[in-house]
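**Student:** Chains as they are written, first to last, in the working numbering: chain S, 1 to 322; chain A, 1001 to 1322.
If you are wondering where the hints come from, they were derived from the structure by calculation, not from laboratory data. Wrong hints could be hidden among the right ones.
Unchecked claim - Taking lysine to aspartate or glutamate pairs in the EDC-like style, the calculated list, with each CA pair at most 20 Å apart, reads:
1) S:Lys56 with S:Glu118
2) A:Lys1045 with A:Asp1299
3) A:Lys1242 with S:Asp238
4) S:Lys242 with A:Asp1262
5) A:Lys1242 with S:Glu33
6) A:Lys1169 with A:Asp1220
7) S:Lys242 with A:Asp1054
8) A:Lys1242 with S:Glu305
9) S:Lys22 with S:Glu33
10) S:Lys45 with S:Asp220
11) S:Lys242 with A:Asp1299
12) A:Lys1242 with S:Asp54
13) S:Lys169 with S:Asp220
14) S:Lys242 with A:Asp1239
The lines below spell out each chain.
Protein chains: 2
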Amino acid sequence: MRAAVMTDFGGPEVIEVQEVAKPTPGPTDVLIEVRAAAINPVDCKTRQAPRWGDRKPPMILGFDCAGVIEEVGAEVSGFSVGDEVYCSPALVRDGAYAEYVAVDARTIAAKPASASFEEAAAVPLAVITAWEALHHHARIQPGETVLVFGGAGGVGHFAIQLARAFGCKVLATAGREQTLAFCRELGAETIDYRNGEIGERIADVAFDCVGGTVFSQAIDAVNVNGRVVTIVPGVPGDDINKCFGKNASIHFEFMGSAVMNDAAPESQGEILRNVAELIDNGQLRANIFKTYTLDQIADAHQQQESQRTVGKLVVTVDRELA
Amino acid sequence: MRAAVMTDFGGPEVIEVQEVAKPTPGPTDVLIEVRAAAINPVDCKTRQAPRWGDRKPPMILGFDCAGVIEEVGAEVSGFSVGDEVYCSPALVRDGAYAEYVAVDARTIAAKPASASFEEAAAVPLAVITAWEALHHHARIQPGETVLVFGGAGGVGHFAIQLARAFGCKVLATAGREQTLAFCRELGAETIDYRNGEIGERIADVAFDCVGGTVFSQAIDAVNVNGRVVTIVPGVPGDDINKCFGKNASIHFEFMGSAVMNDAAPESQGEILRNVAELIDNGQLRANIFKTYTLDQIADAHQQQESQRTVGKLVVTVDRELA
């Protein structure tokens, strides 16, 4: 099959399209004919330097996928050949920048009927991150105020929509006219971070999708009994003791944990079933900023690393027709 | 009335018994004739230096109380003169080292019928801290493993019993033969911290009642999806990023927050009602290490600050009979 292979650790140029063997699904996997994939920050980080234990190139990135089931493992029930599905392939196996990918069947769900393959592929990894952050960690409640730092990014724009769909008031930070307007379209009140301080005790939940010093702003921003959730490793620990006076909590969300630690990975299939319903009800949509082909993934990585993407970058898996 | 008054910030010697005016309860308060109080680390910290905004001596410490209702505020329902009750008086008002104390009626509960006033007074502040840590923050589940750092202390010994009563497996750290044996009596498996490392991924919940570098041990000790709860301000932030790989959370418990921020203080009355049931069912008891009189509170503070108290120090409020 054709795949965009990461041939070494390094810049975007290490990715090149090659002919490689089709993956063999295990007994609990499905083999998916990939129609579309998507780009996430974790692709770029995985490409830059060793991560995830001893995994070494050559390897195939791409941790979002929408496609059609080609083969079903012997122990899999609930799915059949020909089903249209979407999922986030495991971070520690070969991914979806390819014509086929093998995926743990517990982590997949039926593709939202109203979404194209591209629209569906833009969703899984980022929406699972946002869902776990808001529902599993912060346990948001209707009527609460949720502040999303980086509201126009991949995870951020889903977080705004999930919190709004659940009945929360949403504040979002952004720093350009275009991204501020985008967050408002999704239902958030916006805070232009170029104006300086964000504020103290303005939200029940602060979701840090940016990292660095924003993490400290998130600690300041939460109310009594507040919950800070962060998804960006490398946050500074200097201000954590401020949480005592507010009886607050800090949650460290990593969506890869469920599969890598075999900690209820089926919950991610369930999240995608719930999200498919929100998509089909018109309550959530992926904003596709740009679409690429397998041959253009180096360009897609460059765009992802520019930090100027509104929503998601998608890869159409173009096939050479027989 | 007689009260042990903190006359200045400083050492235990700043506390002296004086004749002072009886407090006047507000419309939402009850006035309690104090029969027993207890000592907590927060008394000593409040005595040492300014804290809690601009509160200044003279002030009366003592944030645990059991006694008899002497007067009921005009807006209070559910309590009558003569009721035997127990509670944790607010950290920001005069406390229970005195013959009388005025307390927000939402935060009190009927004294456990099976407990003496001394036994009841030993419970509130520490048990509310342990309950909020384990149930509100960590949301312990039956069958989970809870590791209590400092299992023989005031909060720690209640935490062991609460977690056991809820169906958890409990590990506890201690560092002397006496305290190790005490923790085992309460139903914990023990870890002697003098032996060095505590371990990695050995518990679902790690409850840090010690602070300092123990906080970092608590981060190491939790499993995937683990919850660390700490109650000791001044914890180091160096290791918090280790939480990402485990999708873990850190909770900063401060039992004073509910009253000081008017954030559902009635939940603390409810906790004490639940705990009274556990006490009357024989599932929880306070270990009273030593009992003092009002005149001996300086000694009690010295013992509290020795860090060698097993369970609680109690104050019998001795009355000059008319």
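**Student:** Taking the hints in turn, state whether each one holds.
**Tutor:** Evaluation of the provided hints:
For the proposed pair S:Lys56 and S:Glu118, the alpha carbon gap of about 29 Å is over 20 Å, so the pair is violated. Taking the CA atoms of A:Lys1045 and A:Asp1299, the gap is about 15 Å. The hint holds against a cut of 20 Å. This hinted pair checks out: A:Lys1242 and S:Asp238 have alpha carbons roughly 15 Å apart, not beyond 20 Å. Our distance criterion of 20 Å between C-alpha atoms is met by S:Lys242 and A:Asp1262, whose separation comes to about 18 Å.
Proposed proximity of A:Lys1242 and S:Glu33 is contradicted: the alpha carbons are some 36 Å apart, above 20 Å. For the hint pairing A:Lys1169 with A:Asp1220, the CA-to-CA distance comes to about 18 Å; that is within 20 Å, so the pair holds. Pair hint S:Lys242 plus A:Asp1054 holds up; C-alpha atoms about 19 Å apart against a cutoff of 20 Å. Between A:Lys1242 and S:Glu305 the CA atoms are separated by roughly 24 Å; this puts the pair beyond 20 Å, and the hint is violated.
Restraint check for S:Lys22 and S:Glu33: satisfied, since their Cα atoms lie roughly 10 Å apart, inside the 20 Å limit. Using a Cα cut-off of 20 Å, the hinted pair S:Lys45 and S:Asp220 is violated, with the two alpha carbons roughly 29 Å apart. About 32 Å separates the Cα atoms of S:Lys242 and A:Asp1299, which puts this hinted pair outside 20 Å; it is violated. Distance restraint check for A:Lys1242 and S:Asp54: the Cα-Cα separation of roughly 19 Å lies within the 20 Å cut-off, and the hinted pair is therefore satisfied.
Taken as a hint, the S:Lys169 and S:Asp220 pair is honoured in the structure, with Cα atoms around 18 Å apart against an allowance of 20 Å. Distance hint between S:Lys242 and A:Asp1239 is fulfilled; the C-alpha atoms sit about 17 Å from each other, no more than 20 Å.
In summary, the numbered hints that this structure violates are 1, 5, 8, 10 and 11.
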